[in-house]
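J.: The lines below spell out each chain.
There are 2 protein chains.
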Amino acid sequence: MKTTPECVACFMKQALLATQQMTDDPDEAIKALKRAAEFITSISRDKSPAEYATPIAKIVRSCFGNKNPFREEKQRYNAIALSVYDALTAYVRGSPDPLEAATRIAAAGNIMDLGIFANIDVEATVEQAKSTTWAITHLEHLKHDIAGAQSILYLGDNAGEIVFDRVLVEVLPPHTVTFAVKSGPIANDVTREDAIQSGMDQVAEIIDTGCDYMGVPLPLCSPEFLEAFRSADVIVAKGMANFETLSDVDANIFFILKAKCDSVAQEIGVIKEGIVLMAQKLRLSPEKPIV
Amino acid sequence: MKTTPECVACFMKQALLATQQMTDDPDEAIKALKRAAEFITSISRDKSPAEYATPIAKIVRSCFGNKNPFREEKQRYNAIALSVYDALTAYVRGSPDPLEAATRIAAAGNIMDLGIFANIDVEATVEQAKSTTWAITHLEHLKHDIAGAQSILYLGDNAGEIVFDRVLVEVLPPHTVTFAVKSGPIANDVTREDAIQSGMDQVAEIIDTGCDYMGVPLPLCSPEFLEAFRSADVIVAKGMANFETLSDVDANIFFILKAKCDSVAQEIGVIKEGIVLMAQKLRLSPEKPIV
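Just so you know, the sequences run in chain order A and B.
Numbers given in this note's numbering equal positions in the first sequence, counted from 1, plus 1.
Numbers given in this note's numbering equal positions in the second sequence, counted from 1, plus 1.
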């Protein structure tokens with residue numbers, strides 16, 4: 002997906018949110034925002050928004066001695082999400098179609114994105130998960146593909162959300178799931194630390210992308226990750242940054258996300274705030290017969 | 002008022018909105034936004050946000066051959082507002098306290114700001130005006146001061162809104178009001194053309210600030226305007242940009258505005274979205290005895 006004009010304005014908003022994590026001093030904050038603006042003068046439309054959002058996050062961080070205030074935030078969000086884990090699991094187990102219920106839980110977890118929303122109410126999120134309606138759902142395709150899958154690669158997104166992802170991973174075929182985290186801290190994206198805190202490491206093999214970039218920009222990923230990516234029978238990709246970086250990649254990806262901005266919503270073809278479980282193969286070749 | 006970090010992110014949002022008025026071509030739009038970003042690298046906190054928002058609007062405009070799409074927009078907004086003028090006037094005339102009612106109408110008109118809101122519903126605005134509650138109101142001070150005033154300077158804000166301002170001007174002492182417009186087009190700010198279209202020229206003397214800047218940055222204003230500013234017994238200043246540029250000026254100003262962003266709300270000391278009729282003399286010297 003290409004960067005849009007709306008993305009460019011959003012970069013500054015994201016830089017502001019990151020800066021607010023770092024300092025209360027307006028002069029220091031503006032200094033960092035000017036550095037972000039300087040970077041923006043160099044962008045083009047060749048890359049996805051996530052590939053620009055990452056250097057902007059790094060620039061802001063570099064203005065404050067590379068401190069990582071998201072670490073505590075992420076721990077807090079994981080803990081909040083873990084406090085509702087039992088309720089989520091009970092809901093899924095009691096559902097007539099546990100996989101279907103678990104995909105709604107995973108989608109609801111995607112609302113927890115510090116990069117865009119400064120505050121969130123987890124209990125409301127759980128209720129919302131129960132009543133989630135899909136703008137697009139290719140659930141039957143997902144069911145079909147995972148039924149025969151030997152390997153499923155699950156691309157993680159944010160802290161907190163990873164607990165919701167775990168609920169979905171637990172209803173996937175046992176011993177098939179590899180869960181991908183970032184190789185280093187970037188915004189509130191999941192790293193190995195979050196996989197351990199959330200218990201994801203107990204239900205999936207953990208791998209890292211080989212880079213500390215939002216989403217999965219393949220040219221920057223490690224050979225080990227690329228091997229896992231290429232050999233996976235099914236890829237589940239959570240959140241907007243994974244979509245932004247993989248929207249043109251021909252692989253058996255199922256995106257689960259909430260379209261939080263107009264640009265992504267438009268790229269997908271849903272209304273803003275629309276929640277999707279979307280098969281890449283149907284996006285890239287909509288005329289293909291189902292399955 | 003000094004520029005805040007939030008303002009810096011908002012500059013890019015305003016640049017985006019201005020760009021969207023100019024083109025549907027994402028490459029052209031991003032080119033303009035990069036020019037805006039380049040300007041942002043040069044800002045400091047010395048100036049008010051409006052003093053930076055103006056050059057940004059001009060930079061965007063310059064990227065598109067200085068065309069002025071706001072001209073038609075403004076005409077359209079004036080026409081929409083004029084269509085409810087009779088209803089507004091009838092409401093004020095039928096009120097037990099016409100001045101009080103008219104200040105609420107004027108405040109409601111301030112919601113019509115294309116620079117921040119892309120869409121607006123005028124009829125809902127009228128209803129809102131009727132039920133406006135003030136976060137701050139120094140109405141009794143305003144009444145006292147205009148009772149003895151020989152000259153009232155009314156600082157206009159945006160097109161559309163000017164019709165709401167006219168309703169207030171019409172209940173001020175006759176032959177006392179000078180209404181200030183911008184000397185040239187800038188965003189959707191009122192110029193002489195809007196004063197004529199709205200009929201403001203029939204009820205007030207029209208003057209221009211001597212510059213095409215948002216708000217009233219005094220060092221850039223003409224000697225004629227400064228004379229009118231200094232000699233006015235009462236100044237009514239509409240909207241955020243007038244507040245931003247005059248918040249530190251010791252004059253008998255009454256600000257009427259809706260605090261549409263956190264930065265202005267915080268500077269005033271009200272919640273965001275708070276509507277105020279606020280005497281500058283009480284802001285700068287809160288300990289002063291009333292009147």
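Accuracy of the hints is not assured; some may be wrong.
Chain A residues, not near chain B, derived (Cβ > 10 angstroms throughout) [as the list claims (entries may be wrong)]:
1. Leu17
2. Thr20
3. Ile41
4. Trp135
5. Ser248
What the simulated footprint calls covered on chain B by chain A, stretch by stretch (three residues with Cβ under 8 angstroms from a Cβ of chain A suffice, anywhere in the stretch; the number is not a length) [unchecked claim]:
6. 12-22
7. 217-231
Only pairs whose alpha carbons sit at most 30 angstroms apart, straight line, appear in this in silico DSSO-like list of lysine-lysine [as the list claims (entries may be wrong)]:
8. A:Lys261 <-> B:Lys261
9. A:Lys32 <-> B:Lys261
10. B:Lys68 <-> A:Lys59
11. B:Lys3 <-> A:Lys273
12. B:Lys68 <-> A:Lys3
13. B:Lys261 <-> A:Lys48
14. B:Lys261 <-> A:Lys35
15. B:Lys48 <-> B:Lys35
16. B:Lys273 <-> A:Lys261
17. A:Lys273 <-> B:Lys48
18. A:Lys14 <-> B:Lys68
19. B:Lys59 <-> B:Lys282
20. B:Lys282 <-> A:Lys273
21. B:Lys282 <-> A:Lys14
22. B:Lys59 <-> A:Lys68
23. B:Lys48 <-> A:Lys3
24. B:Lys32 <-> A:Lys59
25. A:Lys14 <-> B:Lys144
26. A:Lys261 <-> B:Lys48
27. A:Lys14 <-> B:Lys131
28. B:Lys14 <-> A:Lys273
29. A:Lys35 <-> B:Lys144
30. A:Lys35 <-> B:Lys131
31. B:Lys14 <-> A:Lys131
32. B:Lys273 <-> A:Lys3
33. A:Lys35 <-> B:Lys35
No lab work stands behind these hints: they were computed from the structure.
Every residue, glycine too, gets a C-beta built ideally from N, C-alpha and C.
J.: All the hints need checking, so say for each whether the structure fits it.
T.: Hints versus structure:
no., hint, in the structure
1, Leu17, "4 angstroms, violated"
2, Thr20, "6 angstroms, violated"
3, Ile41, "4 angstroms, violated"
4, Trp135, "28 angstroms, holds"
5, Ser248, "16 angstroms, holds"
6, 12-22, "holds (count 7)"
7, 217-231, "violated (count 0)"
8, A:Lys261 <-> B:Lys261, "22 angstroms, holds"
9, A:Lys32 <-> B:Lys261, "25 angstroms, holds"
10, B:Lys68 <-> A:Lys59, "37 angstroms, violated"
11, B:Lys3 <-> A:Lys273, "34 angstroms, violated"
12, B:Lys68 <-> A:Lys3, "28 angstroms, holds"
13, B:Lys261 <-> A:Lys48, "34 angstroms, violated"
14, B:Lys261 <-> A:Lys35, "24 angstroms, holds"
15, B:Lys48 <-> B:Lys35, "22 angstroms, holds"
16, B:Lys273 <-> A:Lys261, "23 angstroms, holds"
17, A:Lys273 <-> B:Lys48, "36 angstroms, violated"
18, A:Lys14 <-> B:Lys68, "28 angstroms, holds"
19, B:Lys59 <-> B:Lys282, "33 angstroms, violated"
20, B:Lys282 <-> A:Lys273, "45 angstroms, violated"
21, B:Lys282 <-> A:Lys14, "35 angstroms, violated"
22, B:Lys59 <-> A:Lys68, "37 angstroms, violated"
23, B:Lys48 <-> A:Lys3, "35 angstroms, violated"
24, B:Lys32 <-> A:Lys59, "23 angstroms, holds"
25, A:Lys14 <-> B:Lys144, "42 angstroms, violated"
26, A:Lys261 <-> B:Lys48, "34 angstroms, violated"
27, A:Lys14 <-> B:Lys131, "35 angstroms, violated"
28, B:Lys14 <-> A:Lys273, "18 angstroms, holds"
29, A:Lys35 <-> B:Lys144, "45 angstroms, violated"
30, A:Lys35 <-> B:Lys131, "43 angstroms, violated"
31, B:Lys14 <-> A:Lys131, "35 angstroms, violated"
32, B:Lys273 <-> A:Lys3, "34 angstroms, violated"
33, A:Lys35 <-> B:Lys35, "13 angstroms, holds"
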